[in-house]
Amino acid sequence: MNEQTGVFDGSHRIRFELHVSQEDGFAMPQYPRAPIVEAVIEFRLARPLAQQALEKAAHRLRGAYPFSEAETGMNVSFTSTGGIDTSPAWTGVKLSSIDRTDVVMFRTVSFACSRLAPYTEWGEFRRRGEAAWQAFRRQADSIALSRLGVRYVNRIDVPSESGSVNVQDYLTIFPTVPAAGAKLLTQYAMQVASAIGEDECNFVLNTGSVPSPLIGYSSFVLDLDVYRESNLPLKDDTLWEIVERMRRHKNRLFESCITDRARELFNQ
Amino acid sequence: MSIVQVAHGRPDPATIGRPMVKALSAASADISSLLLARRLESFASPTPTFAGRPLVEEKNLREKLFDSLAAFKIRTASVAMHLDRAWRDRLFAQLDSLLDAESWEADDLPPTINSFSTFLRMILLLRPDRRPGIGAAADGSLIAMWTAVGDRLTIECLSGDLVRWYLSVSIDGENERAAGLTPLGRLGAVLSPYGPDRWFAAHGNDLHPG
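Which chain is which? The protein sequence lines are A and B, in order.
Start counting the first sequence at 1070; every next residue gets the next number (my numbering).
Start counting the second sequence at 11; every next residue gets the next number (my numbering).
Rather than coming from a laboratory, the hints here were simulated on the basis of the structure.
A hint or two may mislead.
Just a few of them, taken from the derived set where beta-carbon distance is under 8 Å, the chain B residues facing chain A [said to hold, decoys possible]:
#  : residue
1  : Gln-15
2  : Ile-26
3  : Gly-27
4  : Pro-29
5  : Val-31
6  : Arg-48
7  : Ala-80
8  : Val-89
9  : Ala-90
10 : Ala-189
11 : Leu-191
12 : Gly-195
The C-beta atom is built at its ideal place from N, Cα and C for all residues, glycine as well.
Pulled out of the complex, with its shape left as it was, chain B reads as follows:
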């Protein structure tokens, strides 16, 4: 029997893709138990690339934006095998532009890595042909936006696979607006009554994410 159950909860973004081992529950002074515990710890420890500790200093906004951009690109690398190369390059260009220090005020809060993690998981779940415009909210959330002939969809990516969405569409000549706070796993279902292909389907030269 070696069947693994797929986790249905919303994982801590920091644990995604990282080996996890459970600590042995009963303390033991036995040397072999200690050795085994140490081996298990080594399994979960980072590779040489991520083993070093960066210099910790008080950082200004420019440095925080620089760190955020680096963290977003490294997080993207962890799923890059599922992304089209050109799509990834364009995403990086969008991030370079969004996190350009010239466009930020000194007391602004850069988007968090947890919000970006939700954004990436959303893109890999929905796989939209059309890439969203991206922006940042004052609280550190990343925002994805699609517009099609006056119909708008805005998705605010919160940490922990939660999204807050707003939409405005014209259906049968009537304007409708809707909004909600939804776990990412249900986003496709809650958007389906509004025909999300109006935003996500390919137009002209759009690239599929992967």
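Next comes chain A alone, as it looks inside the complex:
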């Protein structure tokens, strides 16, 4: 068990304790109402790819992703007279399934595959990611990566008839504010970043209150991004093996951040 504890002293003190189990054989529970709002596998490229190659790759996936939307940025250049010229620049293409829950993004600087709620299961998500990556990879002679990331954005919706919710009942990571500072929190946001200590992976954890999509509820986001930026593999087999391990780290983090009362909500 690797325990990480942080305390920031100031007028408002924030505590967090994360227990990251490093035991093999960790089994992630399957929750009927998993709070996953979005799951993302993202690979960032060390060198940009050309528009033509990405459009060809997108064309290969049109069966599974019938909707295709071009994305643009802005080119800004300075003229010899000191003026500024701007023109739209193609930055990538976003492909979506018919129900808009499965999304693939082929961008000049990155590849990403995402699944919106309702989340199904990792095996299916990974298979979709691998298939899209194959189509992406086929269009480039060589691809060098600068970052691998597995990110899960969770939103925990807590019913509250009393009009307030104690965050500690649902999350193990929360701000504590001195009693003299406030009676009730109206909103909070906190970010924790750390090395995981395995597989050269790091994580960024964002958590905070968000306006709830349900009336009479309080909602909290728990956004976990596990990533690796060094010794990135060139071969696909190794690449997906690392992604698999990153996902396990993400699961352990998630389980260490929630309480049994939160689990009850996901099992209802």
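Since the structure of chain A is provided, determine the placement of chain B on it from the hints.
Positioned in the frame of chain A, the structure of chain B alone reads:
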């Protein structure tokens, strides 16, 4: 002390489910303050899926309807963990049919995402066993309709958790009609004297939303 107060106001639909950070009120040139402000901004920034900027062009009705349908399905995804899978699929079929370009006139206004947001929140609040018929008003509002043995309930979903409702019921042999403009949070209370289960309770093969 880490107790969060549940917001009672009617939230801006664009902020629902999205992390929010308050801007630091006093400007500071201190580098650490700037770094902290940047981190807070990154917390509220969208995931890669929603970070790209779509190509902005003047759109015709067919394209607007297409965009509306996409936006409604994406908004539904944000609460899909609270919806029965089959119920969601049937809702999508209703939306596909409602927003079919063949049924629209060139100067019609598609329903707005804010109206659809109110519709979804209403469904998750009332959790009716019977799904409503859906329609669209000329001003871009989505309309939910229930009918049961001649008793009708029509709810027009306005933006910002407001609903305009009309009903016609027969109680003890007398016909009654009523209408009102109500914040969504009070809708259950204002409908209760009319026995809303006549519209919402399950009949036969109806599916519960979640």
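Hints versus structure:
1. The closest approach between the C-beta of B:Gln-15 and any C-beta of chain A is roughly 4 Å, which is under the 8 Å cut-off, so the hint is satisfied.
2. Annotation: B:Ile-26 was flagged as interfacial toward chain A, and the flag holds, the nearest CB pair being 5 Å apart, inside 8 Å.
3. Interface hint at B:Gly-27: satisfied, since its Cβ lies 5 Å from the closest Cβ of chain A, which is below the 8 Å cut-off.
4. Hint on B:Pro-29 holds. Least Cβ distance to chain A is approximately 5 Å, under the 8 Å limit.
5. The criterion of a C-beta within 8 Å of any C-beta in chain A is met by B:Val-31, whose closest approach is roughly 5 Å, and the hint holds.
6. With its C-beta approaching chain A no nearer than about 11 Å, B:Arg-48 sits outside the 8 Å limit, and its interface hint is violated.
7. The interface hint given for B:Ala-80 is met, as the beta carbon of that residue sits about 6 Å from the closest beta carbon of chain A, less than 8 Å.
8. Nearest Cβ of chain A to the Cβ of B:Val-89: about 5 Å, under the 8 Å cut. The hint holds.
9. The closest approach between the C-beta of B:Ala-90 and any C-beta of chain A is roughly 4 Å, which is under the 8 Å cut-off, so the hint is satisfied.
10. The restraint placing B:Ala-189 at the interface with chain A is violated, with a minimum CB-CB distance near 22 Å, outside the 8 Å limit.
11. This hint is violated: B:Leu-191 has a C-beta 17 Å from the nearest C-beta of chain A, more than the 8 Å allowed.
12. Interface restraint check for B:Gly-195: the shortest CB-CB distance to chain A comes to about 5 Å, inside 8 Å, so the restraint holds.
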